[in-house]
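In the order they appear, the protein sequences are chains F and B. Its first residue numbered 1, the first sequence is counted upward by one per residue in our numbering. Its first residue numbered 161, the second sequence is counted upward by one per residue in our numbering.
Simulated from the structure, these hints should not be mistaken for lab results. Don't take each hint at face value.
Claimed, not checked - Pair by pair, the computed Cβ-Cβ distance ranges are:
(1) B/LEU766 <-> F/ASN31: 42 to 48 angstroms
(2) B/GLY882 <-> F/SER82: 40 to 46 angstroms
(3) B/ASP414 <-> F/GLU7: 53 to 59 angstroms
(4) F/SER82 <-> B/CYS297: 33 to 39 angstroms
(5) B/ILE745 <-> F/GLY12: 44 to 50 angstroms
We put the beta carbon where it would ideally sit given N, CA and C, even for glycine.
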Amino acid sequence: MAKVKVEFKVNGREYSREVEAATRLLDLLRNELGLIGTKEGCGKGECGTCTVLMDGKPVNSCLVLAPQANGREILTIEGLSSGDRLHPLQDAFIKKGAVQCGYCTPGILISAYYLLKNNPRPNRDDIKEGISGNLCRCTGYVKIIEAIESVTEGREGHEE
Amino acid sequence: MPGETGFWINGIEKAIPKGETRNLLEFLREEMRLLGCKDGCSEGHCGACTVIVDGKARLACRTMVSELKGARVETIENLAKNGELHPLQVAFSETGAIQCGFCTPGMIMSAKALIDKNPDPSEEQIKKALQGNLCRCTGYIKIVEAVKLGARYIREQREEKEKDIIARVGENIVKNDAVAKARGEPFYVDDLFRENMLYGKLHLSNEPHARLIQVDIEEALQVRGVVRILTAKDIPGRNAFGLKIPHQPVLAGDKVRFTGDPIALVLAESKEAAKEGAEKIKVIYEKLPAYFSPTDSLEEGAEKIHAGGNVLTELKIKKGDPEKAMQEADIVVEGEYTTPFGEHAYLEPDGGLAEYLDGLITVWCPNQGAHQFREMIAASLNLPLEKVRVITTKTGGAFGGREEPTVQIHCALGAMLTGRPVKIILSREETIRMSTKRHAAKMHYRTGVNKEGKIIAGEAKIYSDTGAYASLGEPVALRHTAFAMGPYVVPNVKVQTFSVYTNNTPAGAFRGFGSPQVNFGAELQMDRIARKLNMDPLEFRLKNALEEGEATITGHILGGGVGFKECLKRLKETLQKEKIPQPQIGGKMGIGIAGGYKNVGMGAGLPEKTGSGLQINPDGTLTLFVGCVDSGQGSDTAMAQIASGVLNCFFRDIKVVSADSALTPDVGVTTASRMVFLSGNSVAGCAREFKEKLIGEVAEKKKIEPADLDLKGRDFLKKSTGDRVMTLKELGKLIPNLRHDFVYQPPETHPLSLEDIPEKPIEKGENHLHFAYCFGAQGVIVEVNEGKGKLKVHKVFAAHDVGRQVNPQGVESQIQGGVAMGLGYVLSENYFLKDGFPVQNNLARLKILRARDMPEVVSIIVEDNHPEGPFGAKGMAELPGGPVAPAVVNAIYNITGKIISRLPVQPEDFREKDE
Ligand code: FES
Ligand code: FES
Ligand code: FES
Ligand code: FES
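With the rest of the complex left out, here is chain F (with noise of 0.2 angstroms):
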């Protein structure tokens, strides 16, 4: 099968691979980069544990294939926090109780950061919304909701 280059940022960093023109973006970011904190729950855009932001929008990364990456800027997990020091998400997920198992975590942690990005005011129903294409089996969400509540704005336990 024929390769295609594929150019793109991910994480604050450039990268160049060639790769097999049906390669999905989830692979090339796992198999090939390494950031295996983006996860498949099942491959066909049902759960979100695959969710990542490319060029800002959450997309599932397991139904993008790697070519149409060309160009973009990528965001995973693993860009979430800057060295040692943790997103104010993730601080209120540990500290909330949000995870469990934690394979839903990482995606669902992209959804929220997408979420307050472009609504840092959201209220529970938004952010039962931003975080609906995210399948979580363990936590009932309730914790989860809450740990996002935390850091929108105007609240208490919201750094920066």
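Since the structure of chain F is already known, use the hints to place chain B with the ligands on it.
What follows is chain B with the ligands alone, placed relative to chain F:
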């Protein structure tokens, strides 16, 4: 008296001499010889003499000693402790903020006064705090920088210190893997890669029931990249697995019994090649009649799915005289209820990775029992147990669905036969198609009560669909039977349960393990009787609730730890205070309730393996070895928490190694809410003995009586003097890797009594089916729009008796997660086959609740300590998913008057029919 005539300097009390006329600067330098305090002007202009008095920066040259009665003075000499500089001192040196140094002590004291109050000051605030301090050398820029850096160091130090906690049972402790998980760091099995690794793909049966005539792999072998294809004849050992009855084929050779039976394993250089190979395999079948319900497979003359027939097990219990009691009852209510199969839908698809090195097979995989997998793998590979090691990777949810292997034996087989690492990750569709399910059940109930509202008789006949293989169908049937009447006193009972083979997906363990099904039947019955009696459903339950001293229907007279009545009472109080919210979907509002109970531990006289180990490492940390699998429920954290509390050492110094068959004890399967009780008790016991051992070592080395020694944090202290005599690290170097193991003996249990049980059992200590039970009562506020056939759950109240909580946040999280699953059970989730294949074959069709569907959940915790649980804890994770289903259905009746008897509820069950 201190304070009246004297003051403190750096914590040391000093009397103020009568008629003292010196200022503090003179006093410090002349009297105390504390020369760090400098005299730059004696006039209050330079700040070189700055000290801290009662938390504020003060100029010593302008402070009269006679005014200092009771004051606390701190000078620069007080900053360095135990030979370690104060972070501000470090920061001043590191940033080059010190030139001639004359201003430095005063500067640092001003800065310290600021930071003590404001740990993260802005540049402005720093400049303001330093405005009284002159510096002629540096131009201040580096000084401001130094203060900022010092403040950061102090903050970091504090954060570090905050991590030094001794965890106690009952406290909220951040889970020990939460940070890594929030960063996306931990390795789940699909995140593991090996050099030279092969990918495996199974060819699954396309027939639900058939004899295999021919398996043709020729064409598949031609696919580029395919390295090898294995079929039944390649299996060196037992071609069968199964926790109870090993009869499920690893690779079917003669017969398939459901469409998840694997027939061939294709090993290839890439996933794509493996997939293509699997598709090219041709199988010729001789079809057999297939059955998808017990009714069909139990028909006269039905084809036998297994040689022994289509009944896996039949259980019968009888207590008192149910026939007679039923006749005497004033009211008898009869009902038939059905519940569907359930898919666990843990979010991480199942899989495994195996490596074969020096005759040793190592398999990395998610699971619920590393040792059980090891046994099954060893049997199929025909290897001795010690040649197989199963290492549990981070497990992305389990809920009972990872008790049986899916592809883990295949990975091991592939690795052994090719000598190359083999990874198999099932697609979501395959995970659903192959993995075990919750049993579907059909239940017939009769319940008799007297006019006073006391239950006097109960009967149930239960058909449980165990699918194509036994898996855990037998113990599940036992739970159906034992819990059939719910947490109530029913003196006369008859329960009969059949667990039946069909060609459905095998059913095994699923959160609740046989109790959610009967919970549904029993709690619907309860409401229906209450209505006939014209009694409040909650009062009716209270009147019949099990309590200490009462017998279950299996004749177990309950000892301590029965918090059911308390759950009901607390639920009642909460519901009474609750205001019913406004409708949101244009319907009518109503409330429903249900109770429930669930065993802790496998019980029934089965051996309960337990155990744990502790080891001291050369770096002073401790390793805790536990057999239980942390699939997200937080057992690693709970266990470390128990160990930390008992040892009195820091939580974060305890590294947990769990479920590695080579390192951790075999503790049986992580199931039945048993790990808090069993592993918890064994960790507590192990920690007690290990602490004694460590103290013994220190005592001997330091020639101190053990009774005079204690461990606190990282230090061994001599109690009589409070002195530190050794650190964990020092001891770790002296006795590196010393390990201690401990096995906990759980309370005895007895098998289910199949003999007749008297109406009022008297003998205590007999028929102890389980060593503990957890209880719960849940209430829901529901809205129904009958016209539109719409239903909305607004709020769930979940009162649970959990014994003592180990980690309250974790307990709450289990309740919320359980309620979400229970809501799925009643509102949307289903699983059945059509033409032998799963209809709900992906996560969308399974209709798992999403965040937008999730109502508010109010957790009400009842802590009825279990006398034998670790610190009174007993385990609780399964029950919360049960009562919510009947509670919702009861609410629908209360709103619409419609009796619904199946799950999940469908719109046509309550929609208004156009006449
Ligand atoms: S893996 Fe992409 S949505 Fe599930
Ligand atoms: S934490 Fe397990 S799926 Fe969300
Ligand atoms: S010596 Fe006190 S301010 Fe100068
Ligand atoms: S360093 Fe010399 S006066 Fe400040």
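Against the structure, the hints:
no.	hint	verdict
1	B/LEU766 <-> F/ASN31: 42 to 48 angstroms	holds, 44 angstroms
2	B/GLY882 <-> F/SER82: 40 to 46 angstroms	holds, 43 angstroms
3	B/ASP414 <-> F/GLU7: 53 to 59 angstroms	holds, 55 angstroms
4	F/SER82 <-> B/CYS297: 33 to 39 angstroms	holds, 36 angstroms
5	B/ILE745 <-> F/GLY12: 44 to 50 angstroms	holds, 45 angstroms
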